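A.B. asks: One letter stands for each residue in the lines below.
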Amino acid sequence: VTETRSSRKTSGYARLRLAARAGALAFGRARARTAALALLVAHGCATCPDGTAATVPAAGGPSTLVGQLRLVPHAGTRRAPARESAEVGGARLVDYSTPGFAVVYLEGAPPAAVTFALAIADGPSGPHLAPANGALGAGGTIALTNQTDAPHVVSCPEVGIVARIPARQTLQIPVHEPGPLSLFLLDRSAPMAQLFAAPGPYTVVSGAGTWELRDVRPGPQRVRTWHPRFAATTRPVDVAPDQILQLQLEVGVERGDD
Amino acid sequence: MIERALATGAVLLLLALPAAAHTETVKGSVELGVEDALIENAGPIVVYLDKGDTASGTAANVPPARGPLQPVKFEIRQRHARFSPAFLVVARGDKVLMPNDDTIFHNVFSYSRPNDFDLGLYARGEMREVVFEHTGPVNLYCSIHESMSATVYVTPSRLFAIASADGRFAIEGVTPGRYRLRSWSRRLPAAETWVDVKKGEPAQVRLVIPQPVTP
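Chains as they are written, first to last, in our numbering: chain W, 79 to 336; chain B, 98 to 312.
If we strip away everything but chain W, and leave its shape as in the complex, we get (with noise of 0.2 Å):
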């Protein structure tokens, strides 16, 4: 796993302290930790000489976490397994281009309680769950509304629910505990939807792999990547006050915790 690490003795940093001040004159200082954060992810400067992150001390305040998250081949994957698999019937690969959807999330602080809205939808094959995925916090609730004509019947095996939901009605359920929910419904064979409830404050990976967790607490975290497909991984830093911190997070079959 690459890691990029706090640093306050890089030259690197010293450009980045220069710009936050800068910024901090120009626009107040929640501004210049937005232009910082910018610098960093738009520039590559976040990373120092020495292979370490850079960081933008300040005052005792909250901090944020920003970052890449990349899916890592099997060590001995061949480089063109493509034209490979034309052999076999074009058969999909896994596109590690993408982390596709990823949550990175804490350990430790509770997640903001909010309402994560799930709609029943027609659609050209038939009504389905959308979003498709997404994340909240453990804690939290998620509205699923039937925005349909029909009644239609949905299960969640992870919280012991399976309800029938009148046409235009939302049915709301709770979620207690952190980890995967899936949710299906039973009145089509196929359409599901893929939630992932996170014990802290988290985020959803972009398709780009980019990722962000703003107003961290200062102090040891516990940053954990969740993925559909492989192993959870569990990254420990200690988040010092005001700061932007960088890290690199892989996932992948040989990435996850020991």
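Any given hint might turn out to be false.
[Stated by the list, open to error] So, partial list: chain W residues that the calculated Cβ filter (under 10 Å) puts toward chain B:
no. : residue
1   : T155
2   : G238
3   : G334
Treat the hints as calculated values from the structure; they're not laboratory data.
All of these numbers come straight from a predicted model, not from anything done at the bench.
Ideal Cβ placement from N, Cα and C applies to all residues, glycine included.
Chain W is already provided as a structure; the job is to place chain B on it using the hints.
C.D. replies: What follows is chain B alone, placed relative to chain W:
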């Protein structure tokens, strides 16, 4: 005198032999207690028996019933970039062979703890194997091919059945006693009930999902 001794010996021999275990069949059905819910859309449903501890409610599983009369060979083949079968039920301690029939490399792995494993990459004609030591669902994937996924469900013993499309099942070879009947399906909440199996009385069980949530 000799005849009497032989007769006595025969009686003693009969007494020494273990009595043939009398077994029954547990029959029943898994049903969905919700209007409009179709059990055939629930996918494979596994039902199995264990010896849950009636006092504490914790599981005390039936030892895997193995013996020379039950040679079982399990296989999940990699063919046309799919696992075949895509769903398999085995008992704890069983070995599953995983041959690669394709002309391309595959990898078989699972992160379903504590049954997680990684068989590495291997080519056509090669075979790897996995012994499943822990009960529960195990999701299998290939790290190269998106289309390859399968599920192995590991039960505590061979006292299991896969329900038919209409939810009916029959578990054979059950010695009389008190058992916990449990169900598992990827698409349904788990359910359980207790069943008393008595000699000469085939047991009938009805398992309705979802079950009331106990506080």
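A.B. asks: Evaluate each hint against the coordinates.
C.D. replies: Evaluated hints:
Interface restraint check for T155(W): the shortest CB-CB distance to chain B comes to about 6 Å, inside 10 Å, so the restraint holds. This hint holds: G238(W) has a C-beta 4 Å from the nearest C-beta of chain B, less than the 10 Å allowed. Interface restraint check for G334(W): the shortest CB-CB distance to chain B comes to about 6 Å, inside 10 Å, so the restraint holds.
Violated hints: none; the structure is consistent with every hint.
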